[in-house]
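K.L.:
This is what each chain is made of:
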Amino acid sequence: MQAVEYFEVECPEALGGEYYKQIANDVLLDHNLLKVIDKLHIFIDPKVPVFVAVGLLKKISTRVRVGDFANVNPLEGKMTLVISDETYLASMLKIFWERFGKEKVEQPDRFTVILYNVPATPKEIEDIVVGDPSESLHKDLIYALRCIAPEGFRLRSEIFTGTKFTFVASENTLAEDIDTLVAEKFRLMGEVPP
Amino acid sequence: MTLVPVTYKGGIFQHDIVVDLIEDLGGYIVQKHIIAQEVVLQCFVPREDIELIRQISRPLFGEVTDSPLVGTEIAIVSMSLEIHHLPHPSCDIAEYVRRLGAKSNMVSLARGPGKRIAGLNDEERDVINEHDIAVYLMGNFETCIEYKMPTLRRGIEVPIVLCGGPDKEVLERIIDPPVEGYVGNVGRFMRRTKEADELAKLDEIIDEITRVLEKKREEIAKDPLSVYPARLMGLIREQIPEILDVTSPTPLTVQIAGLRVKLPYDTFAERVKKVAIEDGITLGEVAEVLPSRMRDYVIVKVLPFSETNIAV
Numbered sequence: 001m002q003a004v005e006y007f008e009v010e011c012p013e014a015l016g017g018e019y020y021k022q023i024a025n026d027v028l029l030d031h032n033l034l035k036v037i038d039k040l041h042i043f044i045d046p047k048v049p050v051f052v053a054v055g056l057l058k059k060i061s062t063r064v065r066v067g068d069f070a071n072v073n074p075l076e077g078k079m080t081l082v083i084s085d086e087t088y089l090a091s092m093l094k095i096f097w098e099r100f101g102k103e104k105v106e107q108p109d110r111f112t113v114i115l116y117n118v119p120a121t122p123k124e125i126e127d128i129v130v131g132d133p134s135e136s137l138h139k140d141l142i143y144a145l146r147c148i149a150p151e152g153f154r155l156r157s158e159i160f161t162g163t164k165f166t167f168v169a170s171e172n173t174l175a176e177d178i179d180t181l182v183a184e185k186f187r188l189m190g191e192v193p194p
Numbered sequence: 001m002t003l004v005p006v007t008y009k010g011g012i013f014q015h016d017i018v019v020d021l022i023e024d025l026g027g028y029i030v031q032k033h034i035i036a037q038e039v040v041l042q043c044f045v046p047r048e049d050i051e052l053i054r055q056i057s058r059p060l061f062g063e064v065t066d067s068p069l070v071g072t073e074i075a076i077v078s079m080s081l082e083i084h085h086l087p088h089p090s091c092d093i094a095e096y097v098r099r100l101g102a103k104s105n106m107v108s109l110a111r112g113p114g115k116r117i118a119g120l121n122d123e124e125r126d127v128i129n130e131h132d133i134a135v136y137l138m139g140n141f142e143t144c145i146e147y148k149m150p151t152l153r154r155g156i157e158v159p160i161v162l163c164g165g166p167d168k169e170v171l172e173r174i175i176d177p178p179v180e181g182y183v184g185n186v187g188r189f190m191r192r193t194k195e196a197d198e199l200a201k202l203d204e205i206i207d208e209i210t211r212v213l214e215k216k217r218e219e220i221a222k223d224p225l226s227v228y229p230a231r232l233m234g235l236i237r238e239q240i241p242e243i244l245d246v247t248s249p250t251p252l253t254v255q256i257a258g259l260r261v262k263l264p265y266d267t268f269a270e271r272v273k274k275v276a277i278e279d280g281i282t283l284g285e286v287a288e289v290l291p292s293r294m295r296d297y298v299i300v301k302v303l304p305f306s307e308t309n310i311a312v
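Protein sequence lines correspond, in order, to chains A and B.
Its first residue numbered 1, the first sequence is counted upward by one per residue in our numbering.
Its first residue numbered 1, the second sequence is counted upward by one per residue in our numbering.
Keep in mind that the hints were calculated from the coordinates and are not lab data.
From a predicted model like this one, the values you see are computed outputs, not experimental measurements.
There could be a bad hint or two in this list.
Stated by the list, open to error - Covered stretches of chain A, as calculated for chain B (at least 3 residues, CB under 8 Å):
| no. | stretch |
| --- | --- |
| 1 | 15 to 23 |
| 2 | 26 to 39 |
| 3 | 148 to 162 |
Unchecked claim - Calculated pairs, BS3-like style, for lysine-lysine (alpha carbon to alpha carbon, straight line, at most 25 Å):
| no. | chain 1 | residue 1 | chain 2 | residue 2 |
| --- | --- | --- | --- | --- |
| 4 | A | LYS47 | A | LYS78 |
| 5 | B | LYS201 | A | LYS21 |
| 6 | B | LYS9 | B | LYS32 |
| 7 | B | LYS222 | B | LYS168 |
| 8 | A | LYS21 | B | LYS9 |
| 9 | B | LYS168 | A | LYS47 |
| 10 | B | LYS216 | B | LYS301 |
| 11 | B | LYS168 | A | LYS21 |
| 12 | A | LYS21 | A | LYS78 |
Quick reminder that beta carbons are idealized off the backbone N, C-alpha and C, glycines included.
Please construct the entire structure, taking both the sequences and the accompanying hints into account.
P.N.:
Written as structure tokens, this is what we have:
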């Protein structure tokens, strides 16, 4: 948990809280989210029942460029791209097709893409932005929090604003004063609610 | 002659010697797996002949180990099929009991999770009741377990082993009337059980299941069964050859006091009833042949001696 500044699980049942801390840690680790979360406070009360997760995200703006995962080798009118990570391959190909046309882009195997006579320098190719991991961040985070929350808690309310997030779940209709509870949990972390 | 459940592991070379030996000694082979060059036999053998099997299989590098769960069918009752409970811990536990020779089925409830909303329907209840024992895998909070357990055990007649997050003492306190077995500190978790302490926990579950099944076997021994279920297995295989075409891993599943035959009930029930045991006694006279709630299978429930006055 070295990357997270504040991580607490609050629960009237001490042992249950301990297990949920472990679950939260495992899930966030599995989903690669520990490095984007700055603070996280989880509150569970099985008697009500209610599950509240509030937290802060780190600011990340690392846009992925072609140069980050591919080597561009120009040679006599053609450019050979050697791919080391396939994650953004599909979106990269889509951009190439739109910009240069399909006839100029060839992919002989999984890790090689060849561009023929394209009107761009290798530097320009390397600088093309192909993806932004922070776009899907909120979606991933909601999914992870759904995994952490007890399964029966299917009535949910989620608020995601920039760097702050709130996730409330219960199996009963959520109480009207749930915002007070959320605000209280933000104060425990030394933050103001969104 | 008391038959004890054991597992034989050895090379495939000349393993038919061991198979013949077990059958000649009056034992029964419940399951046979051939995995690459290795053969695993789960069988019942006479207690006094285990040493003989060890001696004869020594040149074949075979080893005989006790496996108390051979010949049992266990229901692992998971609260749902969501990512919250699968693959850990439900599959880990189901797989672990399988290693010890049991046939485990995962019974996942349609409306298991939650506290107030948890429920058990009639199909789930009947399917669980067809097993020898039910292992309930609950969550981490004692409040929820205490609240939902009366609903989830309604109508369940087989022994229950309850696994949950709270300590064993807490589980014993909150469950009323008590169930047959408890294992504490095994609630919901999201990682694979591979550390020593986690494996120790799985062993604890096995011990608890074994203890409860042992008690059930003792109960049955007071009024013995008219026929040994493993014996029926061999007879059905001989007399209804269609069973050999069933692709299920265990077409005939042996239970402590019965047998699951994985053939359609409508077509085969009469033929199963007419299976001859010996001296003109048929299976229908010593056992009930009923439709199973699991698919369209046949379930055979062997009757005790006191009801049939027959022992074969």
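K.L.:
Now, for every hint given, state plainly whether the structure supports it.
P.N.:
Structure-based check of all given hints:
1. 15 to 23: n = 6 at 8 Å, threshold three: holds.
2. 26 to 39: Three-residue rule met by the stretch 26 to 39 of chain A, so holds; n is 3.
3. 148 to 162: holds (count 5)
4. LYS47/A to LYS78/A: Since the Cα atoms of LYS47/A and LYS78/A sit roughly 67 Å apart, the hinted pair is violated (cutoff 25 Å).
5. LYS201/B to LYS21/A: holds, 20 Å
6. LYS9/B to LYS32/B: holds, 10 Å
7. LYS222/B to LYS168/B: This hinted pair is violated, its Cα atoms lying about 30 Å apart.
8. LYS21/A to LYS9/B: violated, 42 Å
9. LYS168/B to LYS47/A: Answer holds: LYS168/B to LYS47/A is near 21 Å, not above 25 Å.
10. LYS216/B to LYS301/B: Status holds; Cα separation ~15 Å.
11. LYS168/B to LYS21/A: holds, 21 Å
12. LYS21/A to LYS78/A: Status violated; Cα separation ~54 Å.
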